[in-house]
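Novice: Residue-level listing of the chains:
Number of protein chains: 2
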Amino acid sequence: MKYSASVLRTIAIALIVTVVALGQGRAGPDTEAARVASFILGNGLQVVVIPDHRAPVVTHMLWYRVGSADEEPGKSGIAHFFEHLMFKSTKNHPQGEFSAAVAEIGGQENAFTSFDYTAYYQQVAPSALKSMMEFEADRMRNLVLTDEVVATERDVIIEERVSRVENDPGGLLGEEINATLYQNHPYRTPVIGWMHEIRKLNLADAVAFYNRYYVPNNAILVVAGDVDQQTVKTLAEETYGRIPRGTDLPPRIRPAEPRQDTMRTVTLRDERVTQPVFRKLWLVPSYTSAKPGEAEAFDLLAEILGGGARSRIYQKLVVDDRIAASAGAWYQGTALDDTTFGVWGSPVDDNSLSAVEAAVTAEIARIAENGVTEDEMEKAKNRFLKSVIFARDSQSGMARIYGSSLSVGETIDSIEKWPGEIKAVTSAQIRAAAVRILGSKGTVTGYLLPNGDDIK
Amino acid sequence: MKYSASVLRTIAIALIVTVVALGQGRAGPDTEAARVASFILGNGLQVVVIPDHRAPVVTHMLWYRVGSADEEPGKSGIAHFFEHLMFKSTKNHPQGEFSAAVAEIGGQENAFTSFDYTAYYQQVAPSALKSMMEFEADRMRNLVLTDEVVATERDVIIEERVSRVENDPGGLLGEEINATLYQNHPYRTPVIGWMHEIRKLNLADAVAFYNRYYVPNNAILVVAGDVDQQTVKTLAEETYGRIPRGTDLPPRIRPAEPRQDTMRTVTLRDERVTQPVFRKLWLVPSYTSAKPGEAEAFDLLAEILGGGARSRIYQKLVVDDRIAASAGAWYQGTALDDTTFGVWGSPVDDNSLSAVEAAVTAEIARIAENGVTEDEMEKAKNRFLKSVIFARDSQSGMARIYGSSLSVGETIDSIEKWPGEIKAVTSAQIRAAAVRILGSKGTVTGYLLPNGDDIK
Numbered sequence: 012m013k014y015s016a017s018v019l020r021t022i023a024i025a026l027i028v029t030v031v032a033l034g035q036g037r038a039g040p041d042t043e044a045a046r047v048a049s050f051i052l053g054n055g056l057q058v059v060v061i062p063d064h065r066a067p068v069v070t071h072m073l074w075y076r077v078g079s080a081d082e083e084p085g086k087s088g089i090a091h092f093f094e095h096l097m098f099k100s101t102k103n104h105p106q107g108e109f110s111a112a113v114a115e116i117g118g119q120e121n122a123f124t125s126f127d128y129t130a131y132y133q134q135v136a137p138s139a140l141k142s143m144m145e146f147e148a149d150r151m152r153n154l155v156l157t158d159e160v161v162a163t164e165r166d167v168i169i170e171e172r173v174s175r176v177e178n179d180p181g182g183l184l185g186e187e188i189n190a191t192l193y194q195n196h197p198y199r200t201p202v203i204g205w206m207h208e209i210r211k212l213n214l215a216d217a218v219a220f221y222n223r224y225y226v227p228n229n230a231i232l233v234v235a236g237d238v239d240q241q242t243v244k245t246l247a248e249e250t251y252g253r254i255p256r257g258t259d260l261p262p263r264i265r266p267a268e269p270r271q272d273t274m275r276t277v278t279l280r281d282e283r284v285t286q287p288v289f290r291k292l293w294l295v296p297s298y299t300s301a302k303p304g305e306a307e308a309f310d311l312l313a314e315i316l317g318g319g320a321r322s323r324i325y326q327k328l329v330v331d332d333r334i335a336a337s338a339g340a341w342y343q344g345t346a347l348d349d350t351t352f353g354v355w356g357s358p359v360d361d362n363s364l365s366a367v368e369a370a371v372t373a374e375i376a377r378i379a380e381n382g383v384t385e386d387e388m389e390k391a392k393n394r395f396l397k398s399v400i401f402a403r404d405s406q407s408g409m410a411r412i413y414g415s416s417l418s419v420g421e422t423i424d425s426i427e428k429w430p431g432e433i434k435a436v437t438s439a440q441i442r443a444a445a446v447r448i449l450g451s452k453g454t455v456t457g458y459l460l461p462n463g464d465d466i467k
Numbered sequence: 012m013k014y015s016a017s018v019l020r021t022i023a024i025a026l027i028v029t030v031v032a033l034g035q036g037r038a039g040p041d042t043e044a045a046r047v048a049s050f051i052l053g054n055g056l057q058v059v060v061i062p063d064h065r066a067p068v069v070t071h072m073l074w075y076r077v078g079s080a081d082e083e084p085g086k087s088g089i090a091h092f093f094e095h096l097m098f099k100s101t102k103n104h105p106q107g108e109f110s111a112a113v114a115e116i117g118g119q120e121n122a123f124t125s126f127d128y129t130a131y132y133q134q135v136a137p138s139a140l141k142s143m144m145e146f147e148a149d150r151m152r153n154l155v156l157t158d159e160v161v162a163t164e165r166d167v168i169i170e171e172r173v174s175r176v177e178n179d180p181g182g183l184l185g186e187e188i189n190a191t192l193y194q195n196h197p198y199r200t201p202v203i204g205w206m207h208e209i210r211k212l213n214l215a216d217a218v219a220f221y222n223r224y225y226v227p228n229n230a231i232l233v234v235a236g237d238v239d240q241q242t243v244k245t246l247a248e249e250t251y252g253r254i255p256r257g258t259d260l261p262p263r264i265r266p267a268e269p270r271q272d273t274m275r276t277v278t279l280r281d282e283r284v285t286q287p288v289f290r291k292l293w294l295v296p297s298y299t300s301a302k303p304g305e306a307e308a309f310d311l312l313a314e315i316l317g318g319g320a321r322s323r324i325y326q327k328l329v330v331d332d333r334i335a336a337s338a339g340a341w342y343q344g345t346a347l348d349d350t351t352f353g354v355w356g357s358p359v360d361d362n363s364l365s366a367v368e369a370a371v372t373a374e375i376a377r378i379a380e381n382g383v384t385e386d387e388m389e390k391a392k393n394r395f396l397k398s399v400i401f402a403r404d405s406q407s408g409m410a411r412i413y414g415s416s417l418s419v420g421e422t423i424d425s426i427e428k429w430p431g432e433i434k435a436v437t438s439a440q441i442r443a444a445a446v447r448i449l450g451s452k453g454t455v456t457g458y459l460l461p462n463g464d465d466i467k
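Those protein sequence lines, which keep their order, are chains A and B. So the number in this note's numbering is just where the residue sits in the first sequence, counting from 1, plus 11. So the number in this note's numbering is just where the residue sits in the second sequence, counting from 1, plus 11.
Excised from the complex, chain A in its bound form (with noise of 0.2 Å):
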């Protein structure tokens, strides 16, 4: 299983951007968005139906609204523990059952932990979605939780670490970055969780936490496929809808980062880096914590500035002046609090890490000062709708952008309305946004140097 930062937002976007692209050629955007439906269950379970009747198959997701960011102090990793819990055995399934099942009649599944959410699909036939559901059902009470059963999987996560973040020097600066950056709000500690913590996450922990966060209240079912929403209903009343009700969970309120007036530098040098590369972080409001329009501005500054081979930071680095190997920007939007923009670049032959890093400040102040052209916002604007084919084709990513989306406070309507609002942004809130980066006064830069090496 794996564990993601977030989904990104940029994929988000195009896929959101594709509801209403196919809706306007077909029954308008209002049709389409009214298509998709959501209920309460009496448990408080919500249920999302979203209709894709291109191909006899449906997405089923359950996703919680617990993540690393809602753990305790010193609990660090037990929502993404709880994540490989639950492919454990269940009161009424041994272990292996539910997998077994999806693969038997060609299906998929896999599970993620994010700072904000846990989540877990399956993608069936639609004549199986009852059977998932009951699994899925099944398991978010019934887990057969043991001093042995934690004691294997803590083993299994503890090596997870090891080669995801332990062996890998990108991995182990990026966790002191986030720590660096967040001061005060738990976004600091990795989603994994540190070594010496996941090391002491037992068995009464898993517990505590199941029983807090693994209810119905807690949890949202999006299904996207080939079905229709009566049917849906029908099947989740018989399935999540005799689960009962859990105790309400406060609302998700954490600690807040206070001013920041320091710039920051994080330095890693490790043997095993052999191209030298930076990061430069900022820590702007997310889709959920900002102004109207705000995040839109940041997520078009970025495909600008950095988004991929069309944009500044590429062309200029990359392309023309031939000094950077690799360099971009990105935006993480989708957060349920304040969240990063940050770019990144290394040198190619001998050119120096700080000569990328200035190289990238000037797009940055290139932006700051003149903004951008109507001509390149409308053709940022258009590689979003662009993505419609690769949406097409992804069903799993609708549904996903509708749980990651929902899971962190947003509402149906505001992904709906998520095209229309890129597409009103203006050249001066872009410019606007470039101007707040590079004013900031507090800043996190990381660098990642080959060992002995100084910063050149």
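Please keep in mind that the hints were generated in silico from the structure rather than gathered at the bench. If you're wondering where the values come from, they're calculated on a predicted model, not measured in any experiment.
It does not matter which identical chain is used: a pair holds within one copy or between any two.
Capping the alpha-carbon separation at 16 Å, the derived lysine to aspartate or glutamate pairs in EDC-like fashion look like this:
1) K211 <-> E268
2) K452 <-> E282
3) K452 <-> D281
4) K452 <-> E177
5) K211 <-> E83
Knowing the structure of chain A, use the given hints to seat chain B on it.
Specialist: Leaving out everything else, chain B in the frame of chain A:
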């Protein structure tokens, strides 16, 4: 009321040594040590009596085993806030009556909050001891907490934070250095609290904190002065003894630091800065968390390296080479968990900050390579003993050593063995401490610079 990061261990050791030094000249150290008495009342209050009959004065200190590092996430500042609230009205005394009673008899009083403890003290004539105990015992449980009291004092604390931190670039930098050095442990959070969290502290927070921590079984009464053990016991039983035991608190186990693999910098540029300065910090064991002899070696390393005008750093950078206006080293030994070892320096005239930093690092490297001489080690140890004169005049200093050390989990036995442990440190141990510092892969260096300046 002031808050302090902690009592400086240098002073602590100086004072402890006094007891033995005086003892040696009179009745021998064992007899001297035996004179410090400790007992526990039925309600769990620990009482420590330190006889000191040089003058008709008594120091009455009440220590609570709670500091800012025990606060819940998002509630930073509540421990220090409470220190203020303790000077408000109780059911039996209007606000100001306690302080007026102290002033009336020519006494002194104060209070302070650290990461690990909160303490209140008065210094008065022995005849007033019972009255002090009555007042102090009264406010342990009888504070009148209202929305108005909380709101009024919150404004006072916000002003205190503005003047101590917001208006002091060095204070701002210090906060972000700590938040960078500690990636997981609550020492990352300032004792006074983050401004945005102070603003939200309310009556419910205050009441919960008071009821949890302000109970006799979470407190240590230290009485030093012209009074005998039996008198203190009788008075303590008549006053504090009447307070019922509170709910027992769990062990103070806080989230520990992960392994740190990066070198970090934190830079603050501010127009109010006239003199650039650097501070470099390492995470090292405290007296409570160290292996035997380790903390003592760090104390002597700090003393030899940069403990004052006789130290290597001062002699080389300030006196001989005249490149620094000031420079030195410190070790924050008194702490419940892993703590900091640090060096700092500030250039004089046209010398660069980086030259000063390099020269300080060179002094650490010299000790790491060649160790220290027996002669300078003995002199460093003797500088502690020379503080005897200061200690003789400071009854409250002695009470403070016992209170702070016991609050962070040391024992009377370990406090009394301190001077001997310091004497037993070898030059090899001091060298090992320097090697450890120099070879650390995880450090934080802070730079305080005038606006617009680069580090030169």
